[in-house]
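Construct the entire structure; sequences and hints are all you get.
Residue numbers (the working numbering), protein chains in the order written: chain A, 1 to 283; chain B, 1 to 309.
No lab work stands behind these hints: they were computed from the structure.
Check each hint, because a few of them may be wrong.
[Unchecked claim] Quick list of in silico lysine-lysine cross-link-like pairs, DSBU-like style, CA-CA up to 35 Å: (1) A:12 to B:124; (2) A:16 to B:72; (3) B:124 to A:18; (4) A:248 to A:12; (5) B:75 to A:112; (6) B:219 to A:15; (7) A:6 to A:192; (8) A:112 to A:171; (9) B:72 to A:112; (10) A:16 to A:6; (11) B:75 to A:18; (12) A:16 to A:171; (13) A:171 to A:6.
[As the list claims (entries may be wrong)] Simulated restraints, written as ranges between beta carbons of each label pair: (14) B:167 to A:261: 25 to 33 Å; (15) A:9 to B:299: 45 to 53 Å; (16) A:6 to B:62: 48 to 56 Å; (17) A:9 to B:236: 25 to 33 Å; (18) B:236 to A:56: 41 to 49 Å; (19) B:297 to A:197: 35 to 43 Å; (20) A:29 to B:4: 45 to 53 Å; (21) A:53 to B:13: 53 to 61 Å; (22) A:113 to B:30: 20 to 28 Å; (23) A:115 to B:53: 37 to 45 Å; (24) B:58 to A:145: 22 to 30 Å.
Beta carbons: idealized from backbone N, C-alpha and C, even for Gly.
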Amino acid sequence: MVQKSKSNVIWKRLKKNKMAMVGLTITIGLLLIAIFAPAIVPYDPYTVDLSQSMRAPGQEGHLLGTDQLGRDQFSRLLYGARISLQVGIITQSISMVIGIFMGALAGYYGGKVDEFISYLINVFFAFPSLLFAIAIMATLGPGLNNIFIALGAVSWPGLARIVRGQVLQLKEQEYIEAIRALGGNDFKIIVKHILPNCMAPIIVTATLGVAGAILSEAGLSFLGLGAQPPMPSWGLMLSMGRTYVTTKTWLTIYPGLAIMITILGLNLLGDGLRDALDPRMKQ
Amino acid sequence: MLTYIIRRSIMAVPILIGVATITFLLTFVFVPGDPVRMIMGQHADEATIDSIRDEMGLNRPLSVQYFDFVLKIFKGDLGRSYKTRRPVIESIAERFPATLRLGLSAMAVAIVVGITAGIVSAVKPYSVVDGIFMSLALLGISIPVFYLGLLLIVVFAVNLNILPVGGFGGGDIRYLILPAIALGTAQAARIARMTRSSMMEVIRMDYIRTARSKGLSEKTVIFKHALRNALIPVITVIGTQLGYLLGGTVLTETTFSWPGVGRMAVDAVQSRDFPMIQGTVLFMAIIFIVINLVVDLSYGWFDPRIRYE
Chain A
1 MVQKSKSNVI WKRLKKNKMA MVGLTITIGL LLIAIFAPAI VPYDPYTVDL SQSMRAPGQE
61 GHLLGTDQLG RDQFSRLLYG ARISLQVGII TQSISMVIGI FMGALAGYYG GKVDEFISYL
121 INVFFAFPSL LFAIAIMATL GPGLNNIFIA LGAVSWPGLA RIVRGQVLQL KEQEYIEAIR
181 ALGGNDFKII VKHILPNCMA PIIVTATLGV AGAILSEAGL SFLGLGAQPP MPSWGLMLSM
241 GRTYVTTKTW LTIYPGLAIM ITILGLNLLG DGLRDALDPR MKQ
Chain B
1 MLTYIIRRSI MAVPILIGVA TITFLLTFVF VPGDPVRMIM GQHADEATID SIRDEMGLNR
61 PLSVQYFDFV LKIFKGDLGR SYKTRRPVIE SIAERFPATL RLGLSAMAVA IVVGITAGIV
121 SAVKPYSVVD GIFMSLALLG ISIPVFYLGL LLIVVFAVNL NILPVGGFGG GDIRYLILPA
181 IALGTAQAAR IARMTRSSMM EVIRMDYIRT ARSKGLSEKT VIFKHALRNA LIPVITVIGT
241 QLGYLLGGTV LTETTFSWPG VGRMAVDAVQ SRDFPMIQGT VLFMAIIFIV INLVVDLSYG
301 WFDPRIRYE
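Below you can see the structure in the form of structure tokens.
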């Protein structure tokens, strides 16, 4: 009951925030596109048809034109949403598992454990993240699966630091001490009593993290180190379009727009969630 | 103050060792395949490969290689490129000025545009101007740097034909304008948002009300009394962003064919030149650590209440 009324309050606050609702709409729209892409695309995004190469938007039934291999750009963009969301969600899941685990361990146990994990966090923070991801990709080789690993490995420290701070505060609360006095074991205390109470910053960080991961994937693919042809990754499409930037601008403009709208939507939603979940965090 | 600088510098040493360790693991432990074979190709004979392994010290135990690697870093030796056989540090020294030039120019754009927009927005909150600036800031944060770069190329280099498409142009400032704007935009947006929220908080404080009631001009109140305090959190953002900017020039350098360290790293990945990649990453991490130290120390200048003990 208490839980339900709490989420009602949060939803009401979120609903009042127009920008957050715009963000939510974009995000839901993107999710729907990703799920139903196979049913709604007018052309197969992988079929090469050189007779249709480089059609400008609107020509011969190609809403957003075709690329150098005659593939329909609109269909490829819709499929690209699948890749972007996959990257965002899987990367953030990896980052959350590591980040929450490390953060909770450091915050709860303190002492040497905390010192070591905090040290590790500081070391990871010392790397410029994109360059670090590039170095990991160099070791693992290009490809989508390796992007999950590289971006997951790069993005956990931010979350770990936040969780650590939260757990550090919460573990001193009386109700936690009471459970401990009653003989509750550490694992249960952390999972059942502490983590649920620090979900607000975790959700906000994860939402903004999805945006960051999508942006990084696009960047890595743009550099040729991420998704590989013929995948319809937005970053890769931009990288291909770059070759024709002076003559066939539609090959650059639309994939970039897709990335930008996605990031904008997630940023708006993330900001809105931050304000709704914890008004004290409002910037 | 001096003791604080020394203590903070000493604290950076373990971080540097950690950074070196991760880099070592990435280069020598996790890399699939034999690096020597990568350099020599599949057709080289075993004897040649073994002698080169010997020469590169790769036949020694991993622990010995590790200590050697870390020690060399502290001596400024980042290894030799597999491809050119030149010391990595030499190549970095050649390319870093271009990256620094781009990074600092982008930061200058970001600081000037960001702080100005932030102040204007904070002084007239919820006005039309504030709305426009903050919407632009939101777009600035969401637009990928390489996309903005390509758009700038389309508009200013292709359609208007007033600026070059890319390249270094031997240091000609016209070649710097578009890359600096592309790279600086996201930071300008972040700084604008931070300045606005920080200013709005400070403006509400009692001492600002006192300053106003003393009859001081609005200009003095804003610039002399409010801004200096409001800038403290902004400096943190600028500091962390400067490190990010230098690390994040990779995409901008590739978009504009700018001959910096970032592009060199991407080229190195394509040719699987591991010492070059790891050397670049290590170098940038060191720069990042140094910048953080400088940022930390600069707080005292802006906020005399902070004492270093």
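To see whether the hints hold, each was checked on the structure:
| no. | hint | result |
| --- | --- | --- |
| 1 | A:12 to B:124 | 28 Å, holds |
| 2 | A:16 to B:72 | 58 Å, violated |
| 3 | B:124 to A:18 | 21 Å, holds |
| 4 | A:248 to A:12 | 46 Å, violated |
| 5 | B:75 to A:112 | 31 Å, holds |
| 6 | B:219 to A:15 | 39 Å, violated |
| 7 | A:6 to A:192 | 18 Å, holds |
| 8 | A:112 to A:171 | 17 Å, holds |
| 9 | B:72 to A:112 | 29 Å, holds |
| 10 | A:16 to A:6 | 16 Å, holds |
| 11 | B:75 to A:18 | 56 Å, violated |
| 12 | A:16 to A:171 | 33 Å, holds |
| 13 | A:171 to A:6 | 22 Å, holds |
| 14 | B:167 to A:261: 25 to 33 Å | 31 Å, holds |
| 15 | A:9 to B:299: 45 to 53 Å | 38 Å, violated |
| 16 | A:6 to B:62: 48 to 56 Å | 53 Å, holds |
| 17 | A:9 to B:236: 25 to 33 Å | 32 Å, holds |
| 18 | B:236 to A:56: 41 to 49 Å | 47 Å, holds |
| 19 | B:297 to A:197: 35 to 43 Å | 37 Å, holds |
| 20 | A:29 to B:4: 45 to 53 Å | 52 Å, holds |
| 21 | A:53 to B:13: 53 to 61 Å | 57 Å, holds |
| 22 | A:113 to B:30: 20 to 28 Å | 25 Å, holds |
| 23 | A:115 to B:53: 37 to 45 Å | 38 Å, holds |
| 24 | B:58 to A:145: 22 to 30 Å | 29 Å, holds |
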